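Engineer: Next come the chains, spelled out residue by residue.
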Amino acid sequence: MLKDAMRCWARSKARCMMMAYSIGIVDTTFARVDMAKPAMEVITRSVPKVRIIRYTVPGIKDIPVAAKKVLDEADTAITLGWVGASPVDKYSYLAMSIGLVLVQVLTGKHVIDVTVHEDEAGSEEELYRIAVERAKKHALNLVTLLTKGGEGLTPYAGSGLRQGVPDVGSIRG
Amino acid sequence: MLKDAMRCWARSKARCMMMAYSIGIVDTTFARVDMAKPAMEVITRSVPKVRIIRYTVPGIKDIPVAAKKVLDEADTAITLGWVGASPVDKYSYLAMSIGLVLVQVLTGKHVIDVTVHEDEAGSEEELYRIAVERAKKHALNLVTLLTKGGEGLTPYAGSGLRQGVPDVGSIRG
Amino acid sequence: MLKDAMRCWARSKARCMMMAYSIGIVDTTFARVDMAKPAMEVITRSVPKVRIIRYTVPGIKDIPVAAKKVLDEADTAITLGWVGASPVDKYSYLAMSIGLVLVQVLTGKHVIDVTVHEDEAGSEEELYRIAVERAKKHALNLVTLLTKGGEGLTPYAGSGLRQGVPDVGSIRG
Amino acid sequence: MLKDAMRCWARSKARCMMMAYSIGIVDTTFARVDMAKPAMEVITRSVPKVRIIRYTVPGIKDIPVAAKKVLDEADTAITLGWVGASPVDKYSYLAMSIGLVLVQVLTGKHVIDVTVHEDEAGSEEELYRIAVERAKKHALNLVTLLTKGGEGLTPYAGSGLRQGVPDVGSIRG
Amino acid sequence: MLKDAMRCWARSKARCMMMAYSIGIVDTTFARVDMAKPAMEVITRSVPKVRIIRYTVPGIKDIPVAAKKVLDEADTAITLGWVGASPVDKYSYLAMSIGLVLVQVLTGKHVIDVTVHEDEAGSEEELYRIAVERAKKHALNLVTLLTKGGEGLTPYAGSGLRQGVPDVGSIRG
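Residue numbers (numbering that gives the first Met the number 0), protein chains in the order written: chain A, 0 to 172; chain B, 0 to 172; chain C, 0 to 172; chain D, 0 to 172; chain E, 0 to 172.
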């Protein structure tokens, strides 16, 4: 990405101004909350001239190939999954997770996975709040990794950050 | 696919009219409902001149390689699996799911997986209805992804769609 | 395989008569029933001049690489596994299943997996009967896929076939 | 291996006498029994001039890459793992098992996996006996596969052999 | 690594003095203890002129690709994960573990994985102590493997070493 930008600059300053980060957003019709909206708000506010590539699939098992497809063009991606409450749904979550790890290892790009589990909250209100907050917080994580690299989050290493629920903080000896 | 179509057009307009989308359908002899029939009805009604490639295997663990084989020619595929009620059957489901994710990531093509679990309904009537409806709804998902691309389903993102059971709808804040 | 046969025919009719399908059979010393015998009986009766490639390994986790090895020469393979009753045995079953899916996807060839679970029957007599019948039925499935291709089993799609236990039949609406 | 040996022979009979099978042994510091010792005793007694390549890692999740590394030179390998009693330990066992299947499929070489589970015996005496016997029996399996090929164990197919516990024998109809 | 060092030496002894081992450290903002600090203390004390490459990600499922990225430059890596107490957290642990095995097999380099499970101790004090000790002990394991190779830990094979909890020792017959 950086190399592309530099090469671009060397050729034509004007055309190069058009270049920017490109971020994929993969979501599902199965999800019960539109998590792409808050994620995009965070991303467009934080990354000027960012190019968003949307991809919507039916459910979580369709996410890995969609992530792979958006990463053909995007520098990184965020995936917004929703997982049912049954044991079989959890197996689907596992298959998706293994698939996303595979996609990341093969492409060498981060895919930040936001998943909300139908059974992690007692009410729809709480599920909604978790989904929106988790999407926002992880969108910010994605932006940090993309724009600041692998040490961008290092100041927060080991500090017990959470997404969608309150941070739990560090334990000190 | 698109490139093939254009090349074809350049050579011979007449022969090219024959070209169209090609969709694989993989099903099993283990399944207790013929899900290929409703899936094909939806597909042929929605995609003119579509070429259907059938592949039938014994059970779900045979599905991933069959999907891989039909994708040698097909643009996308739908798989119609049936999963028993025992814990071992669920492990087979997991292995199949990981395999299908792998096939999709390696080919860069979608495989929409329709699975019915023997234990998800209380009666054979209900299982039948779930199987047929799920096959139809996912066939439509497949068609949308194939003909409209990754943003074809975006209007329904986060809207709690289900297949085989009633949609649950969005949660709003 | 077919292409090989045709090329052979073009060169020398006589030498070509020697050519035939080649099928791998992978079994284990852990299994308590010799499932290779009934499988081979079905195969040799159904496929004239078939070449059988035997490979015996200690247990199920050794099966995937053995399947890979026989597929270097064979057109397809059948694997005959036996799984213990403990939770750890089931994890081994899962690892083997994922491995076999991988082998199939990488080679583009079917590996029909016959597994008998120590805990799926109440008596040794029943386990024996299941093992022999399952091996026979799946050997026939293998032969059909090999000689008739992906639509060979299509007449039985969705018809609730089982192996080792009675068929359960279709559910109709 | 065989091809190497023949090529060697053609060049220099004397130098070639030095060539022999090469077997990797991977074990862990987590294990509570030195299983490499009995395994090596069996191997060196059964395979003249064998070259042993040792590799010791902290725990079972480090085994797959170590197996991959020794197989860069070795013809085959035996891995000697020890698994704790908790559910998380079993997940680590599963990850290791999938990894070893992957290594074998990628290299086309057998890796015989000996694992002892902390919770499979009631006393340390019994665990010790299981570990030593399992390592010996599987070392012999490895030697048979290496020196006699895929049909070396075929006379024992389906005969209910066990390692570390008494053989259970065949079930006959 | 060694080859690089030799090549370097041949060109310029002075510049080459700068070369040394390079070790990646991957940690998370989810973790509640800064495990990188004790790990780095052990590493810098044990490996003169070592180059540390830091990479911090949100949670454990982001670790495999980060490990892959640091291994583009590093000779080996240590990953410092923190796993929640719920069943879904354990599936994430499994996906991460399979991913790390994959990364290691593909790169041929060790990634020593330090994971602390939120539910493995009764108090925060104990969790802290486990985290710090486990990070230190495994950092030492990493250093030994890197500087002494596959036989560096062989003197401790089968001796029941633990990290974060007391060693349990060997069982002798």
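Derived from the structure by calculation, the hints contain no laboratory data. On a predicted model such as this, the values are computed, not experimentally measured, just so you know. Glycine is no exception: its CB is placed at the ideal position from the N, C-alpha and C atoms. Among the hints, erroneous ones may be present.
Simulated coverage check for chain E against chain D, where a stretch passes if three residues somewhere in it have a Cβ under 8 Å from a Cβ of chain D [what the hints assert, rightly or not]:
hint	segment
1	85-97
2	104-114
3	132-144
4	147-159
5	164-171
Straight-line Cα separation of at most 30 Å, DSS-like style, residue types lysine-lysine; simulated pairs [what the hints assert, rightly or not]:
hint	chain 1	residue 1	chain 2	residue 2
6	A	Lys147	A	Lys36
7	A	Lys135	A	Lys36
8	A	Lys36	A	Lys48
9	A	Lys89	C	Lys89
10	B	Lys89	A	Lys36
11	A	Lys48	B	Lys147
Engineer: Confirm or reject each hint.
Structural biologist: A quick look at each hint next to the structure:
no., hint, verdict
1, 85-97, "holds (count 5)"
2, 104-114, "holds (count 7)"
3, 132-144, "holds (count 3)"
4, 147-159, "holds (count 10)"
5, 164-171, "holds (count 5)"
6, A/Lys147 <-> A/Lys36, "holds (24 Å)"
7, A/Lys135 <-> A/Lys36, "holds (9 Å)"
8, A/Lys36 <-> A/Lys48, "holds (17 Å)"
9, A/Lys89 <-> C/Lys89, "holds (18 Å)"
10, B/Lys89 <-> A/Lys36, "violated (35 Å)"
11, A/Lys48 <-> B/Lys147, "holds (26 Å)"
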